[in-house]
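Visitor: Protein chains in written order, with my numbering: chain A, 1 to 113; chain B, 1001 to 1115.
Take the hints with a grain of salt, since some may be wrong.
What the hints assert, rightly or not - Taking lysine-lysine and the PhoX-like style, the derived pairs with C-alpha atoms no more than 25 Å apart in a straight line are: (1) B:K1102 - B:K1071; (2) B:K1102 - B:K1057; (3) A:K24 - A:K68; (4) B:K1102 - A:K24; (5) A:K68 - A:K78; (6) A:K78 - A:K24; (7) B:K1071 - A:K78; (8) B:K1017 - A:K68; (9) B:K1057 - B:K1017.
Said to hold, decoys possible - Cβ-to-Cβ under 7 Å is the rule here; a few derived chain B residues that face chain A: (10) T1040; (11) G1043; (12) M1050; (13) F1105.
Simulated from the structure, these hints should not be mistaken for lab results. Keep in mind that this is a model prediction, so the values were computed, not measured. Glycine residues also receive a C-beta, built at the ideal position from the N, C-alpha and C atoms.
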Amino acid sequence: DAGVIQSPRHEVTEMGQEVTLRCKPISGHDYLFWYRQTMMRGLELLIYFNNNVPIDDSGMPEDRFSAKMPNASFSTLKIQPSEPRDSAVYFCASSLRGRNIQYFGAGTRLSVL
Amino acid sequence: KNQVEQSPQSLIILEGKNCTLQCNYTVSPFSNLRWYKQDTGRGPVSLTIMTFSENTKSNGRYTATLDADTKQSSLHITASQLSDSASYICVVSAVATDSWGKLQFGAGTQVVVTP
């Protein structure tokens, strides 16, 4: 398996623009997680899904952030409108229930100018 | 206040030497504790996971210990190698109805192994 695949690897955009980050989990995994990592705040869990259903979105910073999982093999994290303080590395991870191990993608480095 | 505190913030060690990283937590009720290794520019990789009843777990040259009474964990790296240079993150999970619970992350310890 190719592992968790995220795209794009790097994104540079201007303040106010819409940004969409994409994630393909490992085939067969039923949990999907979105994380944000910054130097100041470290790694933060934003939201996670189980069987495509959002379970806990309490980490989503504000209404500008939204996440969807239309099917078992694809998820998006959207920021609209983007702000400079959203600049961070965004990770997607997936896991299989009962295994308790999360597998992370390589991340998307987002820079909002 | 962060419920997971790691120390030291960073350390430099010589190749071949051992080192120990610390993680103290106040998360309650406790479910499990994970150690992750994150190489620069990569996503974190799971090293170990321990539940309340486990007090030690090894993964190659990495050995994690857990004292649930004092709410402390340590990660010991034996005979360090240059490839051990990375950030090590402690993650503690509180009990919840869902198996993943609520995750609390430490800020990480940056380890640099020098030749």
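Visitor: If a hint holds in the structure, say so; if it does not, say that too.
Guide: How the hints compare with the structure:
no.	hint	result
1	B:K1102 - B:K1071	holds (17 Å)
2	B:K1102 - B:K1057	holds (22 Å)
3	A:K24 - A:K68	holds (12 Å)
4	B:K1102 - A:K24	holds (23 Å)
5	A:K68 - A:K78	holds (8 Å)
6	A:K78 - A:K24	holds (15 Å)
7	B:K1071 - A:K78	violated (37 Å)
8	B:K1017 - A:K68	violated (46 Å)
9	B:K1057 - B:K1017	holds (20 Å)
10	T1040	violated (11 Å)
11	G1043	holds (3 Å)
12	M1050	violated (10 Å)
13	F1105	holds (5 Å)
Violated hints, listed in ascending order, are 7, 8, 10, 12; each of the other numbered hints is respected by the structure.
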